[in-house]
Amino acid sequence: NAGVTQTPKFRILKIGQSMTLQCAQDMNHNYMYWYRQDPGMGLKLIYYSVGAGITDKGEVPNGYNVSRSTTEDFPLRLELAAPSQTSVYFCASSYVEWAHTGELFFGEGSRLTVL
Amino acid sequence: QKEVEQNSGPLSVPEGAIASLNCTYSDRGSQSFFWYRQYSGKSPELIMFIYSNGDKEDGRFTAQLNKASQYVSLLIRDSQPSDSATYLCAAPTGANNLFFGTGTRLTVIP
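So the sequences go chain by chain: V and E. The working numbering puts the first sequence at residues 1 to 115. The working numbering puts the second sequence at residues 1 to 110.
Treat each hint with caution, since some may be false.
Residues from chain E shown here face chain V by an in silico Cβ test under 8 Å; the list is partial [claimed, not checked]:
{"id": "1", "residue": "Q64"}
{"id": "2", "residue": "N66"}
{"id": "3", "residue": "F100"}
Here are the in silico distance ranges between beta carbons for each label pair [what the hints assert, rightly or not]:
{"id": "4", "chain 1": "E", "residue 1": "E15", "chain 2": "V", "residue 2": "G63", "range": "42 to 48 Å"}
{"id": "5", "chain 1": "V", "residue 1": "D38", "chain 2": "E", "residue 2": "G54", "range": "51 to 57 Å"}
{"id": "6", "chain 1": "E", "residue 1": "Y71", "chain 2": "V", "residue 2": "N30", "range": "30 to 36 Å"}
{"id": "7", "chain 1": "V", "residue 1": "M41", "chain 2": "E", "residue 2": "P14", "range": "38 to 44 Å"}
{"id": "8", "chain 1": "V", "residue 1": "N30", "chain 2": "E", "residue 2": "Y51", "range": "44 to 50 Å"}
In silico lysine to any residue, SDA-like type, Cα no more than 20 Å apart, as pairs [to be verified]:
{"id": "9", "chain 1": "E", "residue 1": "K42", "chain 2": "V", "residue 2": "E103"}
{"id": "10", "chain 1": "E", "residue 1": "K42", "chain 2": "V", "residue 2": "D38"}
{"id": "11", "chain 1": "V", "residue 1": "K44", "chain 2": "E", "residue 2": "T93"}
Since the hints were made in silico from the structure, they are not lab data. Where is the CB? At the ideal position from N, CA and C, for every residue including glycine.
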């Protein structure tokens, strides 16, 4: 049982490039989330999904896109990378809506630098 | 006004002392609160959650909720060097957003 797996762990992008951060979970969780964490800051929700085929915007969705074709996978796409997207990205999942259990299971994070 | 605010610290306590971490929130309708611990370079992990007014104890950790004053606290008794981490307070905002505070960095000095 690997939990939540994110790839890549580190990536350097040039301004204007695009890339996809991969996230997979093997816990059969319905809910999945993408957060970003800037230095000294809390986590900000980018996008979330309540099940396959259903996604919705979080607090800071601009510059990102997601898809949820299967229960297991929730990739995050960055289009036209900008320096403001330099951050650590965390994917998380939960069995039910977090307010009932309080527990999000986080991946190890993907550190992205845009130069 | 931010939904959740924390003193960013850093907070330093000697080993064996009680560490007190505080968090205030703005939404009076908030019903549940969560404390996550994040070691440097690692991902957050849930350590406590509290729904009701009063105290909730789990081992060396006690979460306190005061809805009238809109604050949540986390007490760590008999602090250990392994408790050195950033502690994030989180509360719901909107239907599906868990708002995280900026975190308080705790250092336990041996």
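For each hint, the structure was consulted:
1. Q64: 16 Å, violated
2. N66: 19 Å, violated
3. F100: Result: holds, 4 Å to nearest chain V Cβ.
4. E/E15 x V/G63: 42 to 48 Å: 44 Å, holds
5. V/D38 x E/G54: 51 to 57 Å: 34 Å, violated
6. E/Y71 x V/N30: 30 to 36 Å: For V/N30 against E/Y71, whose Cβ atoms are near 32 Å apart, the range 30 to 36 Å holds.
7. V/M41 x E/P14: 38 to 44 Å: 28 Å, violated
8. V/N30 x E/Y51: 44 to 50 Å: At 22 Å between Cβs, range violated.
9. E/K42 x V/E103: Status holds; Cα separation ~16 Å.
10. E/K42 x V/D38: 14 Å, holds
11. V/K44 x E/T93: 12 Å, holds
When each numbered hint is compared with the structure, violations occur for hints 1, 2, 5, 7 and 8.
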